[in-house]
Amino acid sequence: MAAVDMPHVGAGHHAADSHGDPDAMYLKASHGIRSWLFTLDHKRIGLMYLTMVALAFLVGGVFALLVRLELFSRGKTIIDGETYNRFFTLHGAVMVFLFIIPSVPAALGNFFLPIMIGAKDVAFPRLNLLSFYIYLCGVAILLTSIIMGSVDTGWTFYTPYSVQTTNSVISMTLGVFVLGFSSILTGVNFLVTVHSMRAPGCTWGRMPLFVWGMYATALIQILATPVLAITLLLLCAERFFGIGVFDPKLGGDPVLFQHFFWFYSHPAVYIMIVPGMAINSELIATFSRRAIFGQFAIAMSSLGLAILGFLVWGHHLFVAGMSEFATMLFSALTFLVAIPSGVKVFNWTATIYKGSILWASPMLYGMAFIFLFTIGGLTGLFLGTLSVDVHLTDTYFVVAHFHYVMMGGTVIAFLGGLLYWWPKMTGKWHDEFKAKIGFWFVFVGFNTVFIPQFIMGSRGMPRRYYDYLPQFEIFHRVSTVGSWILAIGLFTTAYTLLEALWKGKPAPRNPWGSAGYEWMTDTPPCLANFHKQPVFTRGPYDYHLATAEELSTGWDEVGGEPGSKKD
Amino acid sequence: MIEPNAPPTFQLPEQMSTVSADVDWMYYFIYWTSVVLFVAIVGAMVWWAIKYRERKGHKAEPTGHNLPLEIAWTVAPIFILVFMFHKGFQGYMDMDLAPANAMEIRVNAKQWAWEFVYPNGGSSDELHVPVHQPVKLVMASADVLHSFYVPALRVKRDLVPGMYTSVWFEATHVGHDDIMCAEYCGGRSSGPNGELPYQPSDDPLHPFVAGQATGHWAMHSMLYVETPEDYAKFLKSIGDPCDQYASTGKKCPAEVAAGQGAKLYQSKGCVACHTTTGARLVGPSWKGIWGKTEATDHGPMVVDEQYVRKSILDPNFRVVNGYQAVMPTFLGQISDGEIDEITQYIKSLKE
Amino acid sequence: MQHHFDTPEQQFNASKLGMWVFIATEILMFGGLFCAYAIWRAMEPNIFDQAHHFLNKILGASNTVVLLFSSLTAALAVRSAQVGKRNMTTIYLVTTIVCAGIFLVIKWFEYSHKFHLGLLPGHCFGHPWFSATVQNGQEVGTCLRVHADQTSSMPQWVRAIDESGHEQLLPPRANMFFAIYFCMTGLHALHVIVGMSILVWVLYKNLKGTFSPAYFTPVDLGALYWHLVDLVWIYLFPLLYLVGKPE
Ligand code: HEA
Ligand code: HEA
Ligand code: CUA
Ligand SMILES: [Cu+2]
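Chains A, B and C, in that order, are what the protein sequence lines are.
Heads up, the first sequence is in the numbering used here, so the first residue is 1 and it goes up one at a time.
Heads up, the second sequence is in the numbering used here, so the first residue is 1 and it goes up one at a time.
Heads up, the third sequence is in the numbering used here, so the first residue is 1 and it goes up one at a time.
Rather than coming from a laboratory, the hints here were simulated on the basis of the structure.
Watch out, some of these pointers could steer you wrong.
Far from chain B, some chain A residues (derived; all Cβ distances over 12 Å) [as the list claims (entries may be wrong)]:
{"#": "1", "residue": "V59"}
{"#": "2", "residue": "A140"}
{"#": "3", "residue": "G201"}
{"#": "4", "residue": "R289"}
{"#": "5", "residue": "G321"}
{"#": "6", "residue": "L333"}
{"#": "7", "residue": "M367"}
{"#": "8", "residue": "V388"}
{"#": "9", "residue": "R477"}
{"#": "10", "residue": "S552"}
Partial selection, computed: residues in chain B whose CB lies under 7 Å from chain A [unchecked claim]:
{"#": "11", "residue": "P7"}
{"#": "12", "residue": "Q11"}
{"#": "13", "residue": "A60"}
{"#": "14", "residue": "F89"}
{"#": "15", "residue": "Y184"}
Positions of the beta carbon are idealized from the N, C-alpha and C atoms, including for glycine.
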């Protein structure tokens, strides 16, 4: 029994509309630059986002490499102190606001969420396009602030320093404010799409875990981002009119800013990691050929993270001057967050047990995610422990912690997701060998960068330091060398993906042999995603219910089958 | 439990305070718990991924359910986490509540220097404390956020403008360690226009050259834990020598006052921006400025008592041409006597 | 119906859900300010009590009535769109928009009175109409901190007659009350303007005859948004104008 209509079954039920023939491949449905700039197709919007976030990642990464290079030796290596402060600020701000927050939801989510619930598009395609242009505005404003002399406050914009230093703080905060708007609109769109656009048979219970993750992320975006918006507006008012909200001289409270900021930014770290986890659930299931163990628990733990994530912001303020009661409460709640995260880690591992594991490049990233996220998460517990955090806060231990979760977690999952869905998005097959080489450089390089940072952090190396004490030099050296290995890996990976575009052979419909809904349609999908309204009769991970036709990779027809030796 | 005063381990620095041992115990407890969990999870993952790799004749088993297992791994961590929370909070309260007999030292921070004011009114830019004596630091910041951090003491606390914060510790043995600023507080290139070469020094007690390094990273100072005798000596040395004249009603001799002014030049942090050698830093050198006529944004000004006084209390009332209005005000942080002494010192630099 | 929906109901439900979610985000945004209000009020109950006498309860109450009435007409506009009475819809929409205008005019009078007395936020407190600070006959910069050299004046004491006719002396610290007052009512006024624009657009569509009993989603959503604007004010009015010091 076919769970959904196969691509070659029945075609052409819709009248062609102004945006092209719904049955034509989405990249060919219409032509010309206008067909991109004014597109309402979620897939094209997803691709445009992808281009932008990849560029942002590159820019953020170049700043990171410069920061690392400067720290290679004591004293001035390449830049002076003032420039250094600007570089790490830009590195953090670009990575967080331009890259990682939009990365998975706006790029991959946009492309796959509607397909994975059998919808033709998101609920509000115009809003979707608008949110992309708002994102571009945000990027433009942020770039202005770089050109205008740039900001040196750290990505946290703490007052009162941010009220005193250069004037481009305003453009930077406005940029982030605008980006927040884009993020809210994406969230609203996804939430409504999931609620009202699911295809028949795509019940909440059968909804793919990637979609669950996007749904939980949308909730956080909607609930937390407005608070960031008001915080940043107050900061601007403070700078423009000196309203005194955060200024102790006028009776305001600088710590209030930190509360506002983290009320957004802590949930925001779950805006970053939940999508990574969502991708990882797809990867582990597909490459183990097996339903995710405890699928319901994984879906619920995403919601759990979304909710608990709102209650722990105070753990960034343990030494900033809060009452004992508040510190106690925030520490206790922080530990609670470990439980839904642990549930996911355990379920992924259990899924591998007795599966049939295909060691393809996306799966390497999937396993690396478990490896690195577990380290990042467990080191979060050191920071949540009050007495230990007093020693570790604002040291490189924190820096290493959040790179393990953000880079080791979300970015690794993002890269895995890119490799996994690249054939679906582009119709082209990449070179698995190069992808794997790239992976090993990334994996080894990443650990070389950040393991020394844990050690120097716990030994007392504060963060945001242009120059440091002699005893830390050796760790900084190793870390910097690691960043070069990491960069080689990332450039190799980027090359592999781009190379597939012009050299890759056509990918078959389901190259990885997945049972997921998104593989049941053409590769690449047609404009309307499916030729006929799909009706789902099994879950997306029900390998035992999927037909042989659905699971067939199609490599026989195309010829050759990289990666797998399946018979 | 663990002996205090443990030397540094691979991960943690030397222990120098009564709370260090407890913090470190907690650190290693979490560390080993994490190692066990990590090895178990990643070990199982890799082992199974190899054992059940895709190959001819091997098929994945459909996923079943195992409710007890799921409940187990949801509930079991709770016990570990509650323990971590509990111990961590206990340790935190120990660090938070200063004993009643603690000796108070005032800490003033500003971009980018520390000042420590002792019970006898003397001050220094390095912190000296007696061993085995609880010390409570009452801290204030003049400008932005800073954070007082001494790794070997395992203490850290933010300084918030407009607010007093405090931290206490009791040093367990004689020795010294670095005091660092752990909350980002900005920074500037060396020299008014960033033209000075920046070179750290190899002196472990002064790793950043005064005057060159102006920024968060260079807000460095030293903590000296001393025997009670050494501490008493130190206190005497920082007492103001002019004080004894005040009590007799005589005027403090110029050389004595200038000598004290030289100390203030260090401890009040003027050294960060002014040299006494003629070299130009963020601010003008003091060498030979006494009696000179300075071109300022409000026309020429003669450097005399009144001008120096104004420059310290309201630095931007006149800004010397070629410099930026970046000098902070010292209003409320410096006494009239001290201004006098600095004035005498500047006078003495006339050549 | 847009092509990617299957049924008009699906489209209507999606749009309505979308608007509700968006309204939730707006409420959260104001929520941040309400928190700040609560914190300061707890910190400075006396100042808040003293300063709130400078808000004109009559004008505030009139504005409340105006907004409540406009909410009613907005709801009636939806009703008449639903039953297809295009002209009635037009009348109700116009009434709503006019009310919004009245609200803004009253607000402007309130604001300018405060500007006149120098009841301004932050550094400008005690500087009527953001006036420059004069020292020794020389201007030393305005209270607005837009100068590159960061010169600015500090808030001043303000002696003025409050709305109940008593002369009061407000300390510089009272700038906090006016900071939160201007932030909250300013952001709200911005929402009034946005709401007005939306309603004007809906009115335009209505005049063009776009709506029918089968399709009136924009009227519905525009009114929904307008209710939000009203709702926020319903909280602002008592919190800022009415609540004095707890005994
Ligand atoms: C993707 C982003 C992300 C994620 C997912 C996390 C996850 C967590 N973080 Fe992290 N964090 C950041 C990003 C993130 N963090 C950033 C950016 C900062 C610094 C910002 C700045 O200052 O610039 C930061 C800082 C930060 C601090 C403040 C440090 C300081 O400045 O003093 C704290 C303190 O509590 C903390 C804790 C935690 C905890 C407990 C988790 C938990 O969610 C982790 C849970 C996961 C696990 C625990 C592992 C898996 C679980 C198991 C294997 C189960 C079994 C476990 C046990 C029984 C122990 N983080
Ligand atoms: C998503 C978040 C993210 C990511 C991915 C990274 C990635 C990296 N970060 Fe960063 N980092 C932050 C977020 C992030 N960082 C934040 C928030 C801060 C705090 C800032 C603050 O204190 O205010 C920080 C701070 C920070 C510091 C501390 C600075 C200080 O305290 O003084 C350091 C130092 O080593 C560092 C290093 C690095 C390095 C070497 C990488 C490397 O992993 C980078 C590798 C990337 C490249 C080399 C680019 C290659 C990319 C391509 C070729 C594009 C290809 C595209 C595709 C394949 C799609 N980061
Ligand atoms: Cu002072 Cu950092
Ligand atoms: Cu957090």
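Hints and how they fare:
Listed as a non-interface residue, V59 (chain A) keeps its Cβ farther than 12 Å from every Cβ of chain B; the least gap is roughly 22 Å. Consistency note on A140 (chain A): stated as away from chain B, and its beta-carbon is indeed over 12 Å from all of that chain's, at 27 Å minimum. Every Cβ of chain B is farther than 12 Å from the Cβ of G201 (chain A); the closest lies at roughly 20 Å, confirming the non-interface assignment. Not every Cβ of chain B is farther than 12 Å from the Cβ of R289 (chain A); the closest lies at roughly 4 Å, contradicting the non-interface assignment.
Here G321 (chain A) does not stay apart from chain B, with its beta-carbon only about 5 Å from theirs, under the 12 Å limit. Consistency note on L333 (chain A): stated as away from chain B, yet its beta-carbon is not over 12 Å from all of that chain's, at 10 Å minimum. At roughly 6 Å from the closest C-beta of chain B, the C-beta of M367 (chain A) falls inside 12 Å, breaking its exclusion from the interface. Distance check for V388 (chain A) against chain B: the nearest CB is about 5 Å away, which does not clear 12 Å, and the non-interface claim fails.
Distance check for R477 (chain A) against chain B: the nearest CB is about 15 Å away, which clears 12 Å, and the non-interface claim stands. Even its closest Cβ contact with chain B, about 15 Å, leaves S552 (chain A) beyond 12 Å, as expected for a residue assigned away from the interface. Look at P7 (chain B): its Cβ only gets to about 13 Å from chain A, farther than 7 Å, so that hint breaks. The beta carbon of Q11 (chain B) is positioned within 7 Å of a beta carbon in chain A (closest approach about 5 Å), and the interface hint is therefore held.
With 7 Å as the threshold, the beta carbon of A60 (chain B) comes within range of chain A, its nearest partner Cβ sitting at about 4 Å, so the hint holds. Hint status for F89 (chain B) relative to chain A: holds, with the closest Cβ pair at about 5 Å, below 7 Å. The criterion of a C-beta within 7 Å of any C-beta in chain A is met by Y184 (chain B), whose closest approach is roughly 4 Å, and the hint holds.
Comparing the model with each earlier hint shows violations of hints 4, 5, 6, 7, 8, 11; every other hint is respected.
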